[in-house]
Amino acid sequence: MNRNQVIKIGLVFAAPLIIYFLIFFIYPIYLLFKYSFTSASGAFSFINFENMIRDPILYDSLINTLYYFIGSVAVQFSAGFIAAVILNSYTGRLKNAFRSILYIPLTISPIVIALMWLIIFNPTYGPVDYMLDMNLNWLGSMNLAMPTIILANAWEYIPFVFLIIYAGLQSVPKQYYEAASIDGMSRFQTFRYITLPSIRPIMIIAFLLNSIGILQGFTLVYVLTNGGPGFSTYILSFYIYKVAFTYFNLNYASALSLLFLVIIGIYVYAILKLSSVEKYLGIKK
Amino acid sequence: MDNGGSEGIMSEVIVENVTKKFGNFVALDNVNLTIKPKEFFVLLGPSGSGKTTLLRLIAGLEDITEGSIYIGGKKVNDVPPKDRNVAMVFQNYALYPHFNVFDNIALTLKVRGYSKDAIKSRVSEIAKILHIEDILNKKPRELSGGQQQRVALARALVREPSVFLLDEPLSNLDAKLRVEARSFLRSLQKEVGVTTVFVTHDQSEAMALATTIAVLDKGIIKQVGDPYELYTKPKDIFTAGFIGSPAMNMIPGKLVKDGSSWRFVSEDFSVQLINTEFENEYDVILGIRPEHITLVKDDGINAKINNVEPMGAVTYLDIQVGSVELTVQYTGLIKLEAGMEIKVKFVEEKMLFYDRKTEKLLNV
Ligand SMILES: Nc1ncnc2c1ncn2[C@@H]1O[C@H](COP(=O)(O)OP(=O)(O)O)[C@@H](O)[C@H]1O
Ligand SMILES: [Mg+2]
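Residue numbers (the working numbering), protein chains in the order written: chain A, 1460 to 1744; chain B, 159 to 522.
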């Protein structure tokens, strides 16, 4: 076979993936750009981006997204990390049981989880108010709605962080711990000098995936508060949905999506740079 | 190196009736050893004989199935590794991949509370000795096998432990560096005076380094002794065959009483023994080292030369005596060729007879 034939046969085998990729990735992204730069009359225009500057709801959504994002990352990452470390050092009989329990939320559909929280925080018959013997109307309160969403979101995604970091901890070769014990390290020193540096790359990956997952969060807001009360739980993803499917302004929604894409891109790039994770992943020497 | 005030020095290691099982597999079978303070003790055995396992038991990295281990007079069965104050070079080095060479060596001092200056001077001192000053800033994965091994050695030697445990620490060095490292290790050990347990499968390395050698085979200690003893009076066939290079010649035969004296009778020849006495007639294996077979003009065993290997200081001859091939070591160079007929004689005082059933040495 000559070179051309090899390439042709290769293309035939790769074709399904290439076609899939073109239809489901490249084309939508092309449309996203196209709509973003289209005015209501259908002409090429920057009007959608100009409108952003004068959009108070966008402004609120960005602030809310920041609040929701920082709260969620802080809770989910630290809780997932701590759970992984504790379970990794726990050697009792219930280890597998605990691990399985921690996996459960990952197996439930997000919409079901959202509905479950809706029931739990229901002001009339929800168990939370009943047990606390209060009438707080969690989801209807300007101050409590967002923390409640953060809490519900954490329940869903702590296991995700846990899973990745736990796998990382399990994959640290035993011999490093043996060398550390010979070197005279205490438990804490071993954690600091062996465990942490060993799982650093995986922690960064977990952090990134967790961040992106959180930013894409939508279901909880949609089911629990529908953005309310007022605009207090409008986060960017929810606002984009509203613009597209309630106001039917697809062009503006596309522009907002593009903004969202840029924000996520900058964020991911910054984390990768700051953590110099490329070094660990062998992307760069 | 400075070793003032170190508590660990002079530690004796006693291994008492130690058995180690992995599941049903017996890796070590009732091992008894006394490793005297300051001794350079070599554990010698083929791959899979249990050397690493024994070392890990002394370090505390494995639980003892039966028996006890004492370090410096203290029973350490339940003492965790970090409190045993042993230093160890792992067979696969186990360097910390995320730290550079300097930190790999320094970490053990840091966690023991040494000052920054003390750490720096000790690390650079040991780095100089092991020729790794130039790579202190590199990560382990950037190093060759030999360099990694030297870093592992440095990490162990930078401390003042009660016992050094070295698991084949020279196996990956090239020939020249290995000889250098041997003499360095030997003199360092003498100077510091730390009890050292050195594992190797290389008998010449064992002979070169050891004050005492323990020969291990399939989890059983075959013999313990100084290199001289082990070379001249190996107590069983395994040790006899394992120690010495080229290996000892082994010739199956019988010991037969012949009037008032004894004869060794093999299929192809027989040898009159003048000064050696036995209790019974035995089926035996005669062990004779290559340097204890001499060439003679007349009155010898007929042999044919298969191969001549002149080494300079000595010449090795492969000779055929009936159905057995023997190696002869001739001191100096000699003009001989394959195919020539010669006569040889065995040095009687050096002939070792092993009972074929028990595989034990019969000479006393
Ligand atoms: N953790 C383990 N589990 C099961 N078998 C083991 C383990 N460690 C060693 N062994 C077995 O014990 C025997 C001795 O091993 P080892 O001490 O490493 O030998 P050596 O260092 O002399 O080559 C080998 O047969 C090996 O397979
Ligand atoms: Mg070994």
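Hint data in this document are derived by calculation from the structure and do not stem from the laboratory. As the structure is a computational prediction, the values presented were derived from the model and not from experiment. Treat each hint with caution, since some may be false.
As the list claims (entries may be wrong) - Listed next, the in silico DSS-like pairs over lysine-lysine satisfying Cα-Cα at most 30 Å (straight line): (1) B:K233 / A:K1633; (2) B:K232 / B:K348; (3) A:K1633 / B:K376; (4) B:K296 / A:K1732; (5) A:K1633 / B:K462; (6) A:K1633 / B:K179; (7) B:K233 / A:K1732; (8) B:K268 / A:K1633; (9) B:K240 / A:K1554; (10) B:K232 / A:K1732; (11) B:K518 / A:K1633; (12) A:K1633 / B:K348; (13) A:K1554 / B:K179; (14) A:K1633 / B:K274.
**Message:** Need the list of violated hint numbers for this structure, in ascending order.
**Reply:** The structure breaks hints 5, 7, 10, 11, 12; every other hint is satisfied.
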